[in-house]
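J.: Read top to bottom, the protein sequences are chains A and B. Oh and the first sequence: position 137 is 137 in the UniProt record's numbering, straight run, nothing missing. Oh and the second sequence: position 280 is 280 in the UniProt record's numbering, straight run, nothing missing.
The hints are simulated quantities; they were obtained by calculation from the structure and are not laboratory data. Be careful, since some hints might not be right.
Claimed, not checked - With a straight-line cut-off of 30 angstroms between C-alpha atoms, the simulated DSSO-like cross-links for lysine-lysine are: (1) Lys-17(A) with Lys-29(B); (2) Lys-118(B) with Lys-17(A); (3) Lys-326(B) with Lys-367(B); (4) Lys-108(A) with Lys-16(B); (5) Lys-375(B) with Lys-42(A); (6) Lys-1091(B) with Lys-1030(B); (7) Lys-132(A) with Lys-118(B); (8) Lys-581(B) with Lys-532(B); (9) Lys-34(B) with Lys-28(A); (10) Lys-326(B) with Lys-227(B); (11) Lys-29(A) with Lys-44(B).
For clarity, every value in this text was computed on a predicted model and none was experimentally measured.
Spelled out, the chains give:
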Amino acid sequence: MRFMLLFSRQGKLRLQKWYTATAERDKKKMVRELMQIVLARKPKMCSFLEWRDLKIVYKRYASLYFCCAIEEQDNELITLEVIHRFVELLDKYFGSVCELDIIFNFEKAYFILDEFLMGGEIQDTSKKSVLKAIEQADLLQEEDESPRSVLEEMGLA
Amino acid sequence: MALKIVKGSIDRMFDKNLQDLVRGIRNHKEDEAKYISTCIDEIKQELKQDNIAVKANAVCKLTYLQMLGYDVSWAAFNIVEVMSSSKFTYKRIGYLAASQCFHENTDVIMLTTNQIRKDLSSPNQYDTGVALTGLSCFVTPDLARDLANDIMTLMSHTKPYIRKKAVLIMYKVFLKYPESLRPAFPRLKEKLEDPDPGVQSAAVNVICELARRNPKNYLSLAPLFFKLMTSSTNNWVLIKIIKLFGALTPLEPRLGKKLIEPLTNLIHSTSAMSLLYECVNTVIAGQYSCSVGHIKSHLLCVQKLRILIEDSDQNLKYLGLLAMSKILKTHPKSVQSHKDLILQCLDDKDESIRLRALDLLYGMVSKKNLMEIVKKLMIHVDKAEGTTYRDELLTKIIDICSQSNYQYITNFEWYISILVELTRLEGTRHGHLIASQMLDVAIRVKAIRVFAVAQMATLLDNAHLLTGNMQRNGICEVLYAAAWICGEFSEHLENPVQTLEAMLRPKVATLPGHIQAVYVQNAAKLFATILKNQEGNTDSTAAQETSQMMIDRLPLFVQSANLEVQERASCILQLVKYIQKLQQKDVEVAEEVSALFAGELNPVAPKAQKKVPVPEGLDLDAWINEPPSESESEDEQPKAIFTKEEPKHSRPRHTEVDEKELARRREARKQEQANNPFYIKASPSSQKVYQEAPGVEHIPVVQIDLSVPLKVPGLPMSDQYVKLEEERRQKERAEKKKKEKKKRKEKRSGRGKKHDSGPESEEDITPAHVVDIVTEEMPEVAQEDQNRLPSPYLCRVKVCICMFCLCRPLADSEKLPVRSHRAAGAPKSSAEDGEAENATPQEPKKKSSKEKRDKKKDKERDRKVRLRCWKHFPPSGHKSDSRSTQSEGRTVVTFLVFPLPRKVCDIQGNLQDGSQVVVSVIFENKSDSFLKSMEFNVLDSLNSKLQRPEGSGPHDGLTVPFQLPPGVSNEARFVFTVQSIVMPQKLKGTLTFIVKNEDSSTHEKLDFKLHFTCTSYLITTPCYSDAFAKLLESGDLKSSSVRLEGVNMPFHHLLARICFHHHFSVVERIDSCASMYSRSIQGHHVCLLVKTSGQTVSIDAKCDEPTLLGNVLDEIKQTFSQC
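Next comes chain A alone, as it looks inside the complex (with noise of 0.2 angstroms):
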């Protein structure tokens, strides 16, 4: 997988996560353009299309597009369901997942995200392992940040 974009109906980009190493402007532009063709379909249009010398396998959740790019030999339906997959974690996590979900917490998105690919690749297959990762590093991180009320940080305690 070369980037994942995820973007609102109204071509607000939420979320993007690039493989490659790719230059900033040149991501604007991409962005850009591939927004403005997703967008444009049909609901009834299929999932695929053909774009430079990639594969776009997109889908759209609720008022969400999530939108893959792949390599000419990758497989649109495997890639659907790694979409698919996203999906359903981020809303365990959630619970119902909204777009504002993603908004308001989009570094979690991104740490789900980086749980379950890394370097464009599928980590893990199991629902589950990833998302008890997720959950033990919050635990984590609680753990930092409860010991230490604000009190405690203001220095009077």
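Fit chain B to the given chain A structure using the hints.
T.: Using the frame of chain A, we list chain B on its own:
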């Protein structure tokens, strides 16, 4: 200090966190940019603080802003700071920011090496995990080199969570630092059998990706993967493994065979579409073997794809069509049977599916189904909403029909009517496309002109229907074509006056300028034709009326704002006025007026220039500014490619430039010329062959059908007149030929309603060779050129070859079974044959003595051949003897038979090419009776078989698809399948037919023999000297040689003879030495080196098939022993 901390913390309470930022941005939709710039200022302040929590918060916000497209590269160092925090919370944010913002050129990355290394070895697995994840995004070659060892250690970490990540990141490390692959590989391989499935699948992933880049290295893992494939149930892993095998099989065909079974099983058993699709794709992609198993699995794939396409899920449908198009490339047949399904997809709601289906259709058409498919498409054109899709359909229809030079069109009337129908589309942008097709077809398919002209005249007449909205309407472009066709081929118009009237309507002035210009110009052509027609009549008023109409209507165009229109119109107007004056004086002007537009416009093959032989004395390779002795082409001795040979002579050299240097330069120049698209290359052979033609009169002028005669440099101007005369003669000949063809065509169309695009246009390709020069020389050039013609000219090439085959004097080795049935009657020339009125057919005598028949055969053949040759090659030296043989009695039926390799004709890959031979047979009825129900039959041998239609037995004859009235000849072609081509073959056959005259009809039979010489399996194939040398150097060829004594002919005649009779082409010729090349239909290379000294000719030959070579040499020997 404490105070500072307190102060910082209080500040922090008022800092925005990420949520505040997001909310703020959402609340400032109008002035987002301004709001964000204040936010960035705040963030800059925050980053200046010492508190790591504040910094982390700031970095987190920056990461968000980065996603929105703001540049945050200035904060790179702060990100590194946050990354190095000891707290996981901040570290996590730092690494996330780094993975989003860093790229290879971020300079602070080099500061991170130690930090990352520390994190990798952290006792906390999540620290390590976060570092690995981050690293996977921004790993640089330096980082990869420095950290490869640490990561490798992690691959054996106790925690599967870390092992998994470490394995995956290794792929990125390999990419950046390939040297790490070798030491890491054994451990990677170990991980394939890791107890944890996650680690295992990660290892499969990495190896699969690696193998895609360089499969060779991973062949040794095949057994391991094979085991995994048969045992694993994880679809994700299976897909990767199958993909890996897809990359490996091209290198190891045995693997392909082994895979068929498990793949087929998976295809049968899996419920996961993604896996099914992967299997199908892999089977399709691996067309490595043609074993039975493979064909079966292939069929299974097509079946499954059909199910996918039938599925209601658009995605599956799309992918099914996509995979089908891959099959189409290799197995067009198996896709063609699903035509119905693909046509259905044209109705799909989804445009991308429809376009896929259209793509498929393009490859699926055949002669049989073209009309049906196009009909369906036309229906869709009518239904289609949205001009983009409709235009797409339109271009596809034209693409489909015109592909491979109209290969699939059997009826051009149909095609023209399709084009005309397409003009009814409103608002299409592709008017010019339709127009160019109309022009192309009308020009190149002569037989269609009558029909095309009639259609175009109707179009012109109804122009107002097309041009609703003149200016923006692209469709009016077709009027351009219509007007031109009506003008150029006006002799075919049924009602020229009406068309002229239509072309001069005032409404025409609203058309775009370039179309008006064509209208005006072609109105003039039309006018000329009308004058010609009308002057024949006694009534002169009609002609004058036409002139008056022109004079009335043209002023409208003279006022045109378009310069081109104005200029043409005023020119023509003055001309017509002058003509009118002459008419009033009763002067006949038609002849002169039509002379303005005389001459036929013919298409010219893209390589026609090659047919212009280089005139004598012009050496295109010569230096312009060097002494003449050097510019001669003798400075290159023939390379001793066959045997070492002594230089026969050496001329004194004038300069010090040594031979090698010269040769090198020459080679370099040739190379440069070859690469220069603007350099017109001469065909090497023609150049060489003509070198010795003596005197100016013998310069070979090759007539190319250009309306403007090509000026051949070095040609004396007086020759122009000769050329004119020749042009005239050629026209006559063409006329004759046309008639003959028409006859044949009638037969053909009568038979199958088929219009062959071929017969009409072969003259464009065949140059008529008119200047007297020894007959045999010409075909060599011409034949060679035919074979060089690129495939777009295929349909014409086909015919050419037939024509040539008919025309060339047959080699003696190609035995011509000619039977004369009636020896009675006084000697008559064949011209008189037809007129002989007393000839009541007598009973054909079958029992004439064998020798007599043979003798007659020879003579009859000779005469026959001469007669036919006349058209193309006026015989010179051999004329007399052919005359003397014309005194034979009238024959009832004449066969001219010889095999013709199919491959020459059919460049479009027929898989069985190498074994098919087409035999053209001319049946000529020289009797006065009507011949019908002819049946052609051949006794098959083991090696050669006549191809009979399916369902007929091996001894059934083939019906000859025409009847022969007296004096008529016609040609039929029969296809033979030949297994081995290394030996000459003789096949016995019979022709049975019914002789019918006024009062009786009798059943007759003729025996004949077909002689398939080895020569006839050779195809004249041009070969350039460098390729030739390479071929000889390859050392795969066996050599043999032959010596001919007492050959008394000039060397170029000798070469021409070999070229002509034995289908060779001259690669290079130097003095009395020449190298020649030819190829068999099964791809054997045959190379000759011909040398002559005195009356002795030695031929050294090389070929990859010694038997074939021996036979070809024997045949060459025979050719020369008989002359």
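J.: Which earlier hints turn out false for this structure, listed by number in ascending order?
T.: none
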